[in-house]
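Protein chains in written order, with numbering that gives the first Met the number 0: chain C, 0 to 313; chain D, 0 to 546.
Simulated from the structure, these hints should not be mistaken for lab results.
Label pairs and their in silico Cβ distance ranges:
| hint | chain 1 | residue 1 | chain 2 | residue 2 | range |
| --- | --- | --- | --- | --- | --- |
| 1 | D | GLU242 | C | LEU59 | 54 to 64 Å |
| 2 | C | GLY54 | D | ASN266 | 41 to 51 Å |
| 3 | C | LEU59 | D | ASP522 | 49 to 59 Å |
| 4 | D | GLY361 | C | GLU51 | 41 to 51 Å |
| 5 | C | LEU11 | D | LYS62 | 31 to 41 Å |
| 6 | C | ASP74 | D | THR414 | 50 to 60 Å |
| 7 | C | GLY54 | D | THR440 | 26 to 36 Å |
| 8 | D | ASP496 | C | GLY68 | 55 to 65 Å |
| 9 | D | ASP205 | C | PHE60 | 21 to 31 Å |
| 10 | D | LYS62 | C | ARG308 | 54 to 64 Å |
| 11 | D | ALA372 | C | GLN43 | 36 to 46 Å |
Which stretches of chain C does chain D cover? Using the computed rule of at least three CB atoms under 8 Å from a CB of chain D, they are:
| hint | stretch |
| --- | --- |
| 12 | 25-31 |
| 13 | 79-89 |
For clarity, every value in this text was computed on a predicted model and none was experimentally measured.
Idealized CB from N, CA, C, for every residue including glycine.
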Amino acid sequence: MRIFLKRLAGMLVVLVGVVLLLFIMLRIIPGSPVTTLLGERASQQVIDRMTEELGLNDPLFMQFLRYVGNALHGDFGTSYKLNRPVSALIMSAFPNTVRLSIFAALFAWGVGIIAGIISAICKNQQRFRLLSSLIDRLFMGGALVGVSMPVFMTCLFLQYFLAYRVQLFPLSGFDQPLSVVLPAIALGWNSAGTVARMTRSSLLEVMQADYISTARAKGRGSAGIILCHALKNSMLPVVTMMALQISSMLSGAVITETVFGINGIGRLAVTAIQSRDMPLLQGTVIFTTILVMLGNLAADTLYSVLDPRIRREG
Amino acid sequence: MKKNLCLLLVGALACSMLAACGGGTTSTSAPPASASSETTSPKTLRKPMVADISTMDVQHTSKDYEVPMNVFDRLFEIKVDDSGAASLVNNLCQEYTVSEDGLTYDFALVEGVTFSNGDPLTANDVKYTFERMLKDPLCVNTEAVDPILGADALLAGEADELEGIVITDDAHFSITLAAPDASFLYKLATPACSIYNAAVTEAAGDQFGIDPAVTIGTGPYVVDSWEVNTAITLSRNENYWGELPDVEKVIVSVIPDPSTQSMMFQNGELDLLDLDYLDSSVVNSTYKTQYADNLIYGNRLAITYMSMNQNIEPFNDVRVRKAVQMAIDRQALLDAVYSGDGNVEDGIFPRGLVGHNPDLEGTITYDPEGAKALLAEAGYADGFTMQFDADNSASSSVMLLYQIIQQQLAEVGITVKINSMDESSWLDLRSSGDMNSFIGTWTADYNDPDNFIYTFFGNEEKTTLRSLNYPDTEVMQRVADARAIVDTDERLAEYADLEYKIVIEDAAWVPLFSRQHLFAVGDNVESFIPFWAGYGDIIYRDVTLKS
Numbered sequence: 000m001r002i003f004l005k006r007l008a009g010m011l012v013v014l015v016g017v018v019l020l021l022f023i024m025l026r027i028i029p030g031s032p033v034t035t036l037l038g039e040r041a042s043q044q045v046i047d048r049m050t051e052e053l054g055l056n057d058p059l060f061m062q063f064l065r066y067v068g069n070a071l072h073g074d075f076g077t078s079y080k081l082n083r084p085v086s087a088l089i090m091s092a093f094p095n096t097v098r099l100s101i102f103a104a105l106f107a108w109g110v111g112i113i114a115g116i117i118s119a120i121c122k123n124q125q126r127f128r129l130l131s132s133l134i135d136r137l138f139m140g141g142a143l144v145g146v147s148m149p150v151f152m153t154c155l156f157l158q159y160f161l162a163y164r165v166q167l168f169p170l171s172g173f174d175q176p177l178s179v180v181l182p183a184i185a186l187g188w189n190s191a192g193t194v195a196r197m198t199r200s201s202l203l204e205v206m207q208a209d210y211i212s213t214a215r216a217k218g219r220g221s222a223g224i225i226l227c228h229a230l231k232n233s234m235l236p237v238v239t240m241m242a243l244q245i246s247s248m249l250s251g252a253v254i255t256e257t258v259f260g261i262n263g264i265g266r267l268a269v270t271a272i273q274s275r276d277m278p279l280l281q282g283t284v285i286f287t288t289i290l291v292m293l294g295n296l297a298a299d300t301l302y303s304v305l306d307p308r309i310r311r312e313g
Numbered sequence: 000m001k002k003n004l005c006l007l008l009v010g011a012l013a014c015s016m017l018a019a020c021g022g023g024t025t026s027t028s029a030p031p032a033s034a035s036s037e038t039t040s041p042k043t044l045r046k047p048m049v050a051d052i053s054t055m056d057v058q059h060t061s062k063d064y065e066v067p068m069n070v071f072d073r074l075f076e077i078k079v080d081d082s083g084a085a086s087l088v089n090n091l092c093q094e095y096t097v098s099e100d101g102l103t104y105d106f107a108l109v110e111g112v113t114f115s116n117g118d119p120l121t122a123n124d125v126k127y128t129f130e131r132m133l134k135d136p137l138c139v140n141t142e143a144v145d146p147i148l149g150a151d152a153l154l155a156g157e158a159d160e161l162e163g164i165v166i167t168d169d170a171h172f173s174i175t176l177a178a179p180d181a182s183f184l185y186k187l188a189t190p191a192c193s194i195y196n197a198a199v200t201e202a203a204g205d206q207f208g209i210d211p212a213v214t215i216g217t218g219p220y221v222v223d224s225w226e227v228n229t230a231i232t233l234s235r236n237e238n239y240w241g242e243l244p245d246v247e248k249v250i251v252s253v254i255p256d257p258s259t260q261s262m263m264f265q266n267g268e269l270d271l272l273d274l275d276y277l278d279s280s281v282v283n284s285t286y287k288t289q290y291a292d293n294l295i296y297g298n299r300l301a302i303t304y305m306s307m308n309q310n311i312e313p314f315n316d317v318r319v320r321k322a323v324q325m326a327i328d329r330q331a332l333l334d335a336v337y338s339g340d341g342n343v344e345d346g347i348f349p350r351g352l353v354g355h356n357p358d359l360e361g362t363i364t365y366d367p368e369g370a371k372a373l374l375a376e377a378g379y380a381d382g383f384t385m386q387f388d389a390d391n392s393a394s395s396s397v398m399l400l401y402q403i404i405q406q407q408l409a410e411v412g413i414t415v416k417i418n419s420m421d422e423s424s425w426l427d428l429r430s431s432g433d434m435n436s437f438i439g440t441w442t443a444d445y446n447d448p449d450n451f452i453y454t455f456f457g458n459e460e461k462t463t464l465r466s467l468n469y470p471d472t473e474v475m476q477r478v479a480d481a482r483a484i485v486d487t488d489e490r491l492a493e494y495a496d497l498e499y500k501i502v503i504e505d506a507a508w509v510p511l512f513s514r515q516h517l518f519a520v521g522d523n524v525e526s527f528i529p530f531w532a533g534y535g536d537i538i539y540r541d542v543t544l545k546s
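Start from the sequences and build out the full structure, keeping to the hints where you can.
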C-alpha cells in the first residue's frame, strides 16, 4: 500500500512537470496559433482582436494559473480548431481508441504468444529437426518483419490487398463491425512481432532451469514441459511488455487512426498539432500521459502478482 | 487471491470493450428536414474531405466554406455560364439600384423566401448579419462589409449599429458606403456574406455553427448531423424557396489520407474526388489514363507567384528582380509539376478574372543568358545567395516547385537555400515583412481585380504583410483610389496600367502560372460544375446524379 501511494505521488509530480513543460514550450516556439486559426486572409486588426479574445496577450504565468485552475475544475478549455470543449472531444474519441487498442492487443498477444510458443517448441524439438527448424525460422522471420515494418507501411499494405483489391474490409471509417479488423492488425503488427520474439527467448531461457530437466527426466515431452511448466514462469517479462504495449497503443495510434480515418485520441493530437490548437494539444498530451503512467502502474502490479518475490521484497 | 484478481482484470477488459463498442461520439444532429427523403432511397452524393471543418458559421472561418455555401444564401451569387464565364447574378436580392455617386445601394429582397425552419427572410436579418460580422470578436471576415458607412466605428466598439444600413420595410433596405467601391456587390457574393436568421442565431449563441439544429439558413440544404472528425450529413431543404437541387442527400466523410480517398473512389465508395490532394504522378498515371472520361476540368481563378522582398538585398535592385523573372522557365515548371494543366501568367490577374489583360502574355520570357547579363550589370556577375522560406504544410507539389526553381536559378549563378518551417511560423514570419522569398497562390474571393491587386499592393500594410515591401507609395495610392472609379472601362484601364507598372516595369513579383482544378467523378454522376473560383468546395446543387 505504501509503495502504491509512493508511486501515485510520483505520478502526480510527473504530471505536473509534463503540464508545465508543455505549456511553456507551446508558448515559446515561434508562430502564433491565431495566424494559423485565421488563415492568410485575416487583417491585422482581426488578428489582434482574436489574440485578445483568447487571452493570449496575458502574461504567461497568468495564463498558466488560469489553465491549471480551470483544469482542476475539469475544464480543459475549448479547442481553437474544433470549437468544442476539449474534455468532450477527448471523451468522444477515447472509446474509438480503446476499441481499436483492445482488438489490436488481442491480435498482437494472441498471435505473438502462440507464435513464440510454437517457435520455442520447434527450437527444442529433437525429432523432425529439419521441419522444426524451418518452422522456427519461419515464425521468427515473420516476427522480425513485424518488428521492422513501419506502421504506415503495414496500414497501406493491408488496405491495398485486403480492402482495395479483395474488398473484404472497409477502406476507411469505424462505423461497421468489420471496420476494426484492418486497423487492429496494423496497430498490433509490431507488438505481435515483439511479443513472439520475447515469448520464445524467455521460454528458451526458462527451459534451461533445473526443474525443467527434472520434468524431462520424468519423460515429459517438449510441448508438455513448455505448456505445463515453463510457460507460466516465462511470462513475467512478456506480461510487463504487454502492459506497456497497451498504454502505448492507447496513446500512440496516430498513424493508424489517420490512415483509416478513425476519430481517436491520436487523430485529435494530429489535428491539434497541425492547427497549433494549444488547448486540444495540452488536453490530449495530459490524457495520454495519464494513460501511460497507469499502464506502467498496471505493469508493476501485474509483475508483483505474477512474481511473489517482488511483493515480499517491496 | 490471484484468481480473483485475474477475474477482475478479465471483467474490466470485457466491460471496457463493451463500453468502447457502444461508445458515444460528439455528434450533434438535427431532426430530418423531410420525412419523404427517409422513406425512399434518396439520391446520395458521397464525397471526402481531408480534414474536418472548424465551424459551419462562415463568419468564424476563412477556410471552411463548403457547408455554409450550401446551407446559407447570399444576396448575390457568382454563376458560371455555358461559355465558362463567371458573372454576378441576383440571389436573395430581387433588384437593386445604385445612386449616381456610387455611394448608396437600394435593395429589394425576393418575396416569399423562408429559412429552413419556416421563418420568413426580412431586411432585419440582413442588417443583423452584417452587424454581427463587425461586432462579434470571433468573426474573422470583415473585408466585405468594411466599405459600409459606420463599419469602422462598429468594429472598434464605438457604435451599436451599422450607420450605413437603413431598413425601409421587411423587404427593402439601403446600404450607404463610406466611399464608392466598385467591387462592393461582388463582395456581397462572398461566402462570408451568407445571410443568417437574426432570431435563431442570437438565441443559439456559441452553438450557432456547431449544432446543426440551430444552424439555420435559407439555402438548398440542411445539416442533419455532424460527427466530429468522422462525417457531416446533409439533406435537401424541402422548404427551399428556389428550384430544388437534384441531389437529395450528401455524406461528406473525413478521410485524411489522400491515397485512401483514391482507393475508395476507385472502389466506387465515393462519387467525387478532388485530385488536388493526390500526387501529380498518380493523377497522370491513373486518372488521366484509366479515368480520363471521369475527369472534370474546372477553371481556377488563382495565380501562383514567387515573391521577392525588396527590403532585402539584392532584391532592392530592379535589375536583379527582372533577372529572376527571366531565369525561371515557368512552362517547364507547369509541365513538370502539374502536367501542363494550366497557363503561364505574366501579370497579377489570372485568366478568367475580370481585368485579365491578354496583351501582357509573352512579355516575360525565359532567357537565362539575358538574366546573367542583367545580374552582371547589377554587380552580381558571380551570382548571389538567396533563401526560400517554405511552409512545410504545403503539398508535395509546392515543395517540388521550390526545388525546380532552385535548380533553374542555379543555372544563372543564384544559389538558393530552402528553409522549411511549420505553417504558423511561416505565416508569422511572412506577416512580419521579413520573409526572404516564397511561392504562394492567391485564389479569388470575388471576381474583381481589386481582390488581387489591393491584397498585395493596396497600401504599405498590405505589401508588408506579404513580405513584398513594395516601396512605391504613389502606385499603391493609385491602387487604393481605383476602387472608387465607378466607370468600369476607366477602372479596368487603370488596373491594366498598374499591373504593367508593378509586374513588368518594377518586377515586384514573379508571376508563375494559373492552374486548372481537376476532379474525378463516379459513373453515377450525370454532371458537375466546379465552383467558379476553383476552390475545392462543392456547391451540391451543381451536381446531378443519374437515376
